[in-house]
Amino acid sequence: MNLLSLQRRMARAVMTPLTPSEGMQRVAANGRPMRAVAAEFIKPNDRLTSFERLEIYNRQYWFRVLSSFAEDFPGLRAVLGGRRFDAVAQAYVKDCPSRSFTLRNLGSRLESWLRRHPAWAGSRQALAIDMVRLEWADIEAFDGKAEPALKPEDLAEADPSRLRLRLQPYMQLLHLRYPVDDLLLAVRSDDDTEFASNAFTERRKRKRVLAVARLKPSPIFLAVHRLDDSVYFRRLEPEEFLILSRLREGKKLNHAIESALRRSSIEPADRPAMVERWFHAWAALSWFCRTNNGPKES
Amino acid sequence: MPANHFNNFTDYGIGIGLRAPHYSHILARKPVVDWFEIISENFMIGGGRPLHILDQILEQYRVVQHGVSMYFGSAERPNRDHLRSLKELVKRTKTPWLTDHLCWGSVDGRYTHDLLPMPYTFEAAKITAQKIREVRDFLEVPIAVENVSSYAEFHVSEMAEWEFLTEVVERADCGILLDVNNIYVSSQNHSFNPHTYLAEIPAERVAQIHIAGHSKYRKYILDTHDHPVIDPVWKLYADAIHRAGRTATLLEWDDSIPSFDEVHGEALKANKFLATESLAAAV
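Residue numbers (the numbering used here), protein chains in the order written: chain U, 3 to 300; chain H, 26 to 308.
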């Protein structure tokens, strides 16, 4: 057996989901007894069979990836409940094993996977997808790339009709059907309680179940951004969201503003002041960045 | 012996792993620590708090990079994007040498995020050494490979673990990050004499030493890095220092992490052995 075939064989066994009692499956995917499969390439010793030695790695793999997944998606756990969340985690990792050198990227395909497998979230599919989008945006905003912020002097000689502004790469813009930002902040605040009694934990569970059940669809527009190394969720007006989205698409500044306000209910007379206020706030949060050659004109 | 080609002719003393629970203590109190080891992958990102913390650490401390995902022993070629990202970090930290494990963990683009054991074959040694050379040429920094703890052995193996380690490092002409706790754990799991292991490896290639604690189960030992170093491991450390000379030493503590002072205090116990060796060398 050469190196590649041995590694393929072992990886297949290690990445096979565990039994409900967290042991290695007795039967391999091809129907062969796992004892026989393990014995073909792993030596037993005086204390452990080949099966038991392989099982150590099988268990380590699943404990590691599932714990990383749970750490990244506490909001999804609150939406689905612990038992269903654990089932989703295992099914997702089985279908979409890590393809990155870092576990940070483990959940990168979760949104599309949930869309392809709606049965896992049942009646909470839309809510679950919103929560996953927010939690993934949070990961991207936390350690995404930052460019030097745009300064007023960078714009001194810019022609607004030709100007294209770039948003910071770490910034995430989300249009969500549910106000999941509040729910996620509540979940995290609960999780920060380090020393909890059993009664407290039970109360917390009930509180979460109620909070999820009460959550009604109510569209929100959100910027997930970073300030002083911390991630924040900032609710946006629909027009703000549209302007920023157009800028991210590479539209010129004046086109972005015009298209965002075309169907706006904001009184035309109020628009200039409002747009100015928005840009002032965005600039203060360093949402715009310089390209290598400053803001682009074309 | 300690300052050698494989650790870029440096003379580092006792370091500890840089871990998130200690960030605020280190930045506020600025304790005297000879050097910190960072997990490269934690900082191979675009920006944000981790890199901000790292930059502050780099202003005051020496840092050596230790990786967990290069998988020198995987049959696949190195991922160029990964290498580019790693090289950016190397430039940032100016790590004098870089370490990763003598193991595999990915196949066909899928990652287990584990340090899986190698089959000790000549084919595997050749592939692994070639990959180490390729990575070193790309990163332009000396590389040392770490022996891992293992819980399984393969029928196809053609040699002992220490022979495989020697075969790989001599073919690759690279250094060794000698983890004496891993030698101990594997010796218990596979019933060999850990002192034989130490006696058989090319000591002149040892660039760095790791010490750590582990967890004992009924039928095997797991390398958990969540306990103080036990006496038999300190004895192995003394033996390793005796063979390799005073060598940069690093305590790993990755789970159930206690206070900074406790971790640093545990690491500094190595001083006793380093001092003894210095005295012996002087005599």
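It is possible that part of the hints are untrue.
If you want the footprint, here are the derived chain U segments under chain H, 3+ residues with CB under 8 Å [to be verified]:
#1 43-50
#2 57-67
#3 128-135
#4 145-152
#5 172-181
#6 186-193
Read the hints as simulated data drawn from the structure, not as lab findings.
In this text, a Cβ means the ideal position worked out from N, Cα and C, and glycines have one as well.
Hint numbers contradicted by this structure
Structure breaks hints 3, 5, 6.
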